[in-house]
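Asks: Chains A and B supply the protein sequences, listed in that same order.
Numbering-wise (our numbering), the first sequence opens with residue 183 and increments by one.
Numbering-wise (our numbering), the second sequence opens with residue 696 and increments by one.
In short, the hints are calculated from the structure, not lab data.
Note that the coordinates shown come from a computational prediction; the quantities given were computed from them, not determined experimentally.
For glycine and all other residues, C-beta sits at the position ideal for the given N, C-alpha and C.
Each hint should be verified, as a subset may be incorrect.
[As the list claims (entries may be wrong)] Label-pair distances were calculated between CB atoms; the ranges are:
(1) B:Arg-737 / A:Pro-220: 44 to 52 Å
(2) A:Leu-721 / B:Arg-757: 49 to 57 Å
(3) B:Arg-737 / A:Arg-208: 46 to 54 Å
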Amino acid sequence: IGCEDGSVKIFQVVPGGIQFERNLDRRKGRVLCLSWHPSDTHIAAGSIDFFRVIDVASGQTVQRVMVNHHVEKTKRECVVWAIALLSRGTVVSADSFGRVQFWDWQQGTLAESHTVSTSAALSLAVSEKEDSIIVGTSTGATYQLQLLPVKLGGLEKRWVRTKPFQFHSHDVRAVAHSPTALISGGLDAQLVIRPLMEKMQKKSYDAALRKFTFPHRRLVSCARKARLLLFQFSQYLELWRLGSTEETGKDGEVLPLCRMPEHLVQLKSKGPEHIYCSCVSPCGTWVGYATASRFHLYRVRCDGDGVSLRKVPKVPKLVPPAYQLQFSADSDSLFVASARGSVHVFQLLEPGGCKHLHTLRPPSGCSEAVYLLAPSADGHWLAAVSGDWAIHIYNLKCFKHHCVVPTYKCAVSALAIHPITNNLVIAYSDQQLFEFSIPEKQYTSWSRAVQSRGLHRAWLERDSPITHIAFNPKNPSHILLHDTYLLCVLDKSLPLPDDSALLMNQSTLKQLPETARKRQLHAFKICKKFQPLLFMDLLDKNCLVVVERPIMDFKTQLPLPVQQKKFGT
Amino acid sequence: AAGKRRAPAALPSPASSSEDEADEAPEEVPFGVAREAAEAERKLVGEAARRHRELLKEKRRRHQELFAEQKKRRLLPEAVLQELQELQDASARPAEQAAADDPVTLGEELEAGAVQLEQGQAQRQGQAEVQEKKGKRSKGARTKGNYMAVCLKDHSVTGLHQQLAKDFLNAQLYGPHTNRVPGKPCC
Numbered sequence: 183i184g185c186e187d188g189s190v191k192i193f194q195v196v197p198g199g200i201q202f203e204r205n206l207d208r209r210k211g212r213v214l215c216l217s218w219h220p221s222d223t224h225i226a227a228g229s230i231d232f233f234r235v236i237d238v239a240s241g242q243t244v245q246r247v248m249v250n251h252h253v254e255k256t257k258r259e260c261v262v263w264a265i266a267l268l269s270r271g272t273v274v275s276a277d278s279f280g281r282v283q284f285w286d287w288q289q290g291t292l293a294e295s296h297t298v299s300t301s302a303a304l305s306l307a308v309s310e311k312e313d314s315i316i317v318g319t320s321t322g323a324t325y326q327l328q329l330l331p332v333k334l335g336g337l338e339k340r341w342v343r344t345k346p347f348q349f350h351s352h353d354v355r356a357v358a359h360s361p362t363a364l365i366s367g368g369l370d371a372q373l374v375i376r377p378l379m380e381k382m383q384k385k386s387y388d389a390a391l392r393k394f395t396f397p398h399r400r401l402v403s404c405a406r407k408a409r410l411l412l413f414q415f416s417q418y419l420e421l422w423r424l425g426s427t428e429e430t431g432k433d434g435e436v437l438p439l440c441r442m443p444e445h446l447v448q449l450k451s452k453g454p455e456h457i458y459c460s461c462v463s464p465c466g467t468w469v470g471y472a473t474a475s476r477f478h479l480y481r482v483r484c485d486g487d488g489v490s491l492r493k494v495p496k497v498p499k500l501v502p503p504a505y506q507l508q509f510s511a512d513s514d515s516l517f518v519a520s521a522r523g524s525v526h527v528f529q530l531l532e533p534g535g536c537k538h539l540h541t542l543r544p545p546s547g548c549s550e551a552v553y554l555l556a557p558s559a560d561g562h563w564l565a566a567v568s569g570d571w572a573i574h575i576y577n578l579k580c581f582k583h584h585c586v587v588p589t590y591k592c593a594v595s596a597l598a599i600h601p602i603t604n605n606l607v608i609a610y611s612d613q614q615l616f617e618f619s620i621p622e623k624q625y626t627s628w629s630r631a632v633q634s635r636g637l638h639r640a641w642l643e644r645d646s647p648i649t650h651i652a653f654n655p656k657n658p659s660h661i662l663l664h665d666t667y668l669l670c671v672l673d674k675s676l677p678l679p680d681d682s683a684l685l686m687n688q689s690t691l692k693q694l695p696e697t698a699r700k701r702q703l704h705a706f707k708i709c710k711k712f713q714p715l716l717f718m719d720l721l722d723k724n725c726l727v728v729v730e731r732p733i734m735d736f737k738t739q740l741p742l743p744v745q746q747k748k749f750g751t
Numbered sequence: 696a697a698g699k700r701r702a703p704a705a706l707p708s709p710a711s712s713s714e715d716e717a718d719e720a721p722e723e724v725p726f727g728v729a730r731e732a733a734e735a736e737r738k739l740v741g742e743a744a745r746r747h748r749e750l751l752k753e754k755r756r757r758h759q760e761l762f763a764e765q766k767k768r769r770l771l772p773e774a775v776l777q778e779l780q781e782l783q784d785a786s787a788r789p790a791e792q793a794a795a796d797d798p799v800t801l802g803e804e805l806e807a808g809a810v811q812l813e814q815g816q817a818q819r820q821g822q823a824e825v826q827e828k829k830g831k832r833s834k835g836a837r838t839k840g841n842y843m844a845v846c847l848k849d850h851s852v853t854g855l856h857q858q859l860a861k862d863f864l865n866a867q868l869y870g871p872h873t874n875r876v877p878g879k880p881c882c
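Work out the full structure, taking the sequences as your base and the hints as a guide.
Replies: Listed below in structure tokens is the structure:
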């Protein structure tokens with residue numbers, strides 16, 4: 183770790199955290215970036231106007247190189263924002279003058295200098311083969327530099343700025359380089375993955391540019407009976423009561439509300455830590471949230487027009503606190519997803535208390551934490567997904583492990599248990615859907631049919647994962663799901679579409695006469711009207727709640743971007 | 696005369712070679728050139744010294760301001776201090792029952808105090824029995840409860856470092872030379 187006072191400290195990574203080992207040579211000047219040599223023998227530390235290289239064994243600075251030559255006689259300092267130490271002894275620096283420079287640190291000489299931007303170069307990442315570098319800048323542009331032979335087939339190689347990209351509107355302060363893609367994270371809240379064409383075998387979906395704006399996890403939870411929504415922000419929670427209407431209308435109409443939605447409570451998290459997970463109970467009288475270090479539980483009381491929140495004291499200290507929180511359907515228990523595959527079960531007590539009942543664990547152990555939970559409506563079952571992608575199902579009546587769902591090749595993005603059949607519906611991050619019968623411990627016949635038929639290509643090529651699954655009490659064959667850009671009512675009683683059919687055919691169907699419509703009807707009823715979607719759930723038999731988070735709503739609150747010259751203005 | 700005696704600051708020294716050099720007379724430097732060189736150097740050094748003084752002054756001023764701010768924030772409000780005093784005189788109640796009645800006044804939290812106490816809490820995670828209660832939440836009516844106010848490690852220096860670091864980042868990334876869209880940076 184490099185510090186404000188110019189010191190570089192070494193910590194050991196131990197189970198449960200880090201432990202201070204020793205201080206390396208301290209020099210005046212805040213340390214802004216660090217890089218280990220691949221063999222761990224040296225560390226390069228970037229600072230203001232210089233960088234230095236430290237020999238790890240002795241802790242001594244073995245070289246100090248000034249980087250502020252050749253800049254115009256400005257009064258500005260040259261800030262080294264990012265640094266990398268390559269195996270052959272080259273130091274790569276990215277600085278506030280928009281330069282990426284290559285140094286021979288032992289000689290203390292500059293080998294190559296590339297000015298990639300008029301604004302600061304803020305971040306860099308080197309490929310494992312050390313022949314490609316990605317640089318992130320203040321303007322939001324990223325650049326690739328590649329080590330290429332000067333003459334075709336020749337031995338001498340030089341760094342060349344090959345590809346410029348403008349995927350972000352704001353500063354790019356984090357970049358990464360995988361074997362096949364360039365990855366960048368911007369202050370514009372976007373994560374971008376740009377596969378490198380030359381690494382792609384064929385032109386497939388894998389070669390597409392991927393942009394992510396919203397987390398692939400639940401940020402909204404819903405107390406259906408109480409008609410409350412809990413919004414999770416990074417430093418606070420908001421509890422809202424939904425409005426209501428007495429009117430009815432036709433398809434597409436906006437009905438007037440007789441009661442407006444109410445912002446009931448804002449609950450601020452103490453301290454600098456972000457809120458990691460949160461949940462409201464179905465009855466709406468319990469709210470829980472967890473940060474990296476603590477877990478908090480509150481009792482909600484609505485009397486008349488006022489709402490009060492009381493903190494539940496003596497909540498058991500969990501180490502680590504919680505990766506996911508989920509209340510049981512009857513609001514009597516709280517499930518807390520924890521490390522090493524375990525799930526803590528707490529009993530909720532009146533008037534406001536919490537008692538640890540049991541800890542569920544997978545029988546053969548697990549090194550990863552649980553990150554998704556799904557309780558059944560009858561309180562009998564609990565499904566838990568851990569970081570190793572295993573889905574374990576527990577019997578809550580006797581607190582015993584029931585079974586494990588057959589392993590699949592990627593992560594689960596959402597799962598839910600059907601209230602009547604106790605079928606577990608699973609959405610995977612590769613867009614596959616499975617239905618597993620918990621009582622029978624096997625996939626259902628519908629699930630097998632889906633797998634043998636295959637899902638529609640347009641469904642599989644969707645860009646964002648399913649983040650929530652719900653069911654319709656009025657129609658047991660319905661599965662409601664949504665991703666960031668669409669919501670879908672999947673009707674298991676209808677035939678599955680094949681690739682030749684149009685997947686999103688709702689608008690087409692509306693225009694067809696009854697008989698033609700019946701022929702073209704298929705299981706996937708998709709609506710793309712609301713986006714970007716953070717949440718969707720069924721409140722009661724007539725009412726669906728959908729939460730959109732328009733991008734412009736938070737774009738205006740982002741830090742200032744660099745002024746971009748628009749061509750022609 | 697002064698110019699002749701002093702070694703010329705800005706002019707390069709003659710390349711040293713054979714021992715013949717030692718017998719040669721020193722190079723003649725015109726008085727004007729040498730004086731200009733000396734003046735230029737004095738000016739640079741003077742300016743650097745002045746900037747350094749300014750920087751120190753600024754730092755000292757900032758430190759003072761920050762300490763004053765920290766001191767102000769660390770003091771719990773009068774009402775809570777009063778109540779703590781009263782409670783110390785009263786007999787202790789069983790801890791379990793105590794806090795159950797505590798209402799949380801929405802949004803009203805003594806941020807600085809709570810943060811500092813929170814940090815202290817994290818430091819003492821190993822302890823099984825957590826007896827100290829935070830003097831947080833409502834500034835006014837704190838009805839019941841068993842409290843023990845504790846004095847924690849001085850965090851004012853860490854706060855200062857953090858502030859200076861934040862200022863540095865702000866100045867470097869959002870300063871006047873960065874060509875940002877007009878507006879107020881919200882860092």
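Asks: Please check whether B:Arg-737 and A:Pro-220 have a Cβ separation lying inside 44 to 52 Å.
Replies: holds, 49 Å
Asks: Against the range 46 to 54 Å, how does the distance between the Cβ atoms of B:Arg-737 and A:Arg-208 compare: consistent or not?
Replies: 33 Å Cβ-Cβ, so the 46 to 54 Å window is violated.
Asks: Would you say the C-beta atoms of A:Leu-721 and B:Arg-757 sit inside 49 to 57 Å of each other?
Replies: With a Cβ separation near 54 Å, A:Leu-721 and B:Arg-757 satisfy 49 to 57 Å, so the hint holds.
In this structure, the one hint that does not hold is number 3.
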